[in-house]
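Protein chains: 2
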Amino acid sequence: MPEKQEKQPEQEAQQPETEAKVEEEQPKEEAKKEEEAAPAAEPPKEMRAVVLTAFGGLKSVKTQKKPEPSPQEGEILVSVSHCGLNFQDLMARQGAIDAPPKTPFILGSECAGEVVQVGAGVENFQVGQRVVCLPEFRAWAELVCVPARLAFALPDDVTNEEAAALAMNALAAYMLLFQVAGLSEGQSVLLHSAGGGIGLAIAQLARTKENVTLIGVASKSKHEAIKDHFDHLLERGCDYVSEVRKISPDGVDLVLDCLCLEDCNRGYSLLKPMGKYVLYGSSNVVTGETKSFFSVARSWWQVDKVSPIKLFDENKTIAGFNLRHLLRTPAGAERARAAMEKVMELWKNKVIKPIIDSSWALEDVPEAMQVMHDRKNIGKLILNPALEPKPRPATPAKKGSKEEKSKKKDKEEKKDEKKEEKPAENGDSSDKKEEEEEKKEPEAKQEDEKAAEKADS
Amino acid sequence: MPEKQEKQPEQEAQQPETEAKVEEEQPKEEAKKEEEAAPAAEPPKEMRAVVLTAFGGLKSVKTQKKPEPSPQEGEILVSVSHCGLNFQDLMARQGAIDAPPKTPFILGSECAGEVVQVGAGVENFQVGQRVVCLPEFRAWAELVCVPARLAFALPDDVTNEEAAALAMNALAAYMLLFQVAGLSEGQSVLLHSAGGGIGLAIAQLARTKENVTLIGVASKSKHEAIKDHFDHLLERGCDYVSEVRKISPDGVDLVLDCLCLEDCNRGYSLLKPMGKYVLYGSSNVVTGETKSFFSVARSWWQVDKVSPIKLFDENKTIAGFNLRHLLRTPAGAERARAAMEKVMELWKNKVIKPIIDSSWALEDVPEAMQVMHDRKNIGKLILNPALEPKPRPATPAKKGSKEEKSKKKDKEEKKDEKKEEKPAENGDSSDKKEEEEEKKEPEAKQEDEKAAEKADS
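Respectively, the protein sequence lines represent chains A and B.
Count the first sequence with the numbering used here and you get residues 1 to 457, in order.
Count the second sequence with the numbering used here and you get residues 1001 to 1457, in order.
These aren't lab readings, by the way, just hints derived from the structure by calculation.
Please note that the accuracy of each hint is not assured.
Derived DSSO-like pairs: lysine-lysine, alpha-carbon spacing no greater than 30 Å straight-line [what the hints assert, rightly or not]:
id	chain 1	residue 1	chain 2	residue 2
1	B	1209	A	272
2	B	1310	A	305
3	B	1342	A	305
4	A	342	B	1305
5	A	310	B	1342
6	A	45	A	390
7	A	305	B	1353
8	A	342	A	246
9	B	1310	A	310
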């Protein structure tokens, strides 16, 4: 059953490839399906959206005008003020996700804004309410229709920007740390990808338990910025098993592994009795040449299936956590809603705080994606539809911090995308890659975009 | 690594097979090794103990006189007032445990009593203190030496009998329910072997969380007695997957499975998203013809190893819990000690209460074992070294409840043990077996025992 993920209705409802088609007003049940594809005879209002035109590199990511959507039964229409950029967006761009929708479609799976219309059957939201939403796609637009089960009301003291910066990471971190792994006081945690958004959310949440020892693995370049969050920091690519044994000879209680592939067996061996290994996502193989990251991961892991008897012998636990899959089922979404309420409490009480790296206009998404790909961000990359795009032609994306970005605006280097497209060497050479890519700039995308916009409008 | 369990020092320290050997006073470091094998020139004081003379049936279980042990470094000597009979004792009797000690050895892994001597290096116990102990073997005797890490001080308001009835089950239930599975309010639990000691402890502990739905699977004959502990009871051997779906169409949050073998895949399929499957012990295959239950279980389970990617796809957890293995390591024993403190609190506050089926003299252990084997007990079987053995010749063990036992004393049926020794048909025909064995009585053991006692003394 796990080998083939069933197609989700939401994904099947993606737009057909033709965009120029013009039709009469749609019957209601078909409107969603073609909402962005078929302007009515009297052209509908338009919005800006970040569209993926084909799976692949950054040049397939274009900001285009699209018809405004209208909410179907069970949906709310949200006017978006801020969006979150997540690693899964980079994977979606490459089609490296299970059951990807057909292109073109609007990217983005996290946004915050205000409810502007409520579809039939929705009782828990009203117009004017501020919400954060975790739709499977379509979040990066001025307007988005979201199933009500994927929207969460925001308390007064949480801003939209904070919500877009923290909702997905904090929710995932909360659920995996407290509901899957059951962290309790005095425990030790080994955390891979410690410097990413979810890693930092985990670190903050783990501190709500007394006397927890946090060992983070992150690229050396991030150590200085994140060192206050961890008791020990190890360098990405190091022999972390020996390093952890030096710190904690008996091993650790939890290993939180974002699908690093090479690390699974080594990580498992570090578990204390009663220890838990949680596989919670992916971040290492976005540059793979295969379209299906999961097929790679699966074939790798098949060698290392786990015998439940081994778990029984050794008093160990193996768990998987995948927020995206969880949100697809009503029961899972319900569970996530209950968790989000607890997250919001922690949030209001400043137990967890968003860490924002930088904010970007929709038009600058390719550059923001490059920053994330190069692991140059510390904290969240936010998209803000109200921001003016940077002056063209091309602005390089070297560091991602605001100061450096202003310098980069002066540059005019162009490179094609080939380097980014090269195969991942089984996910373990990223540090090297980072160095190589230091000098790489995002592709010259503005000509393509202008052409596309012309075709759209 | 899991395929072969490493031998534990404790087990290697078992007695050599000869018992008649007579030697001078032992040097201290060898004394433990031969404590029961070598009476000194001046015969040491003796105690009664339940000895397994060879792996196999009930007739290998004999109450014999043995030299009193004396505590080594790190050990305490306990004067035993009550012992617990557990399913693992039946498995140990058949050698159906990993790395069994050589016969003869003293059986028993749970007892309560008073500290009468403290070995060097033990700081947390004093003479006169009441304790409950979970040694790997040797608990069923008037005196036992126990590593201090496996002993737990008893609060004033817990009797020795209660402790022997509850310690192991409550500790295992607490750890697997709250530390491994992380039960939280509102969740649903499917519990196999619901009528056993650990099953009832789990049921009581689960009620400390609000609004938990408990679905128990147990032999029909136990339903009446245990029905107050469960929201729903299913009959052992039924199509429990359909039955659970009727009760809870979405499935359950936890499946607690005591290694029922046939049930694993079906149980896993019942898990909700975020659901956890905990494999926590064994109770179904004690009558197997193989010496190594684990080799059977392993070969069965190898077909069903679990891909971590599947867990990730489905948001599920698989966990193993094995208290016996946990207690073997200092770190594991430390963790168990912390849990036992919480269990004692719940105990003192009457949140959990021991459920005692019946009490037995050491000499009547074979009969008590037969009661447990036939699943006739509801709650714990207690051994009490101070009790007079039942009048001989043989007393049948049909029901195990006190009233019925008094009737049984009048009977004089004898049967050999062949029926009990027959191979288990992969663990799924036990209900049928129960019926077949309704009429079976324990073997005529008293002649053997008298002969053995004569040889000993």
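For each hint, the structure was consulted:
| no. | hint | in the structure |
| --- | --- | --- |
| 1 | 1209/B with 272/A | holds (27 Å) |
| 2 | 1310/B with 305/A | holds (10 Å) |
| 3 | 1342/B with 305/A | violated (35 Å) |
| 4 | 342/A with 1305/B | violated (35 Å) |
| 5 | 310/A with 1342/B | holds (28 Å) |
| 6 | 45/A with 390/A | holds (25 Å) |
| 7 | 305/A with 1353/B | violated (40 Å) |
| 8 | 342/A with 246/A | violated (36 Å) |
| 9 | 1310/B with 310/A | holds (17 Å) |
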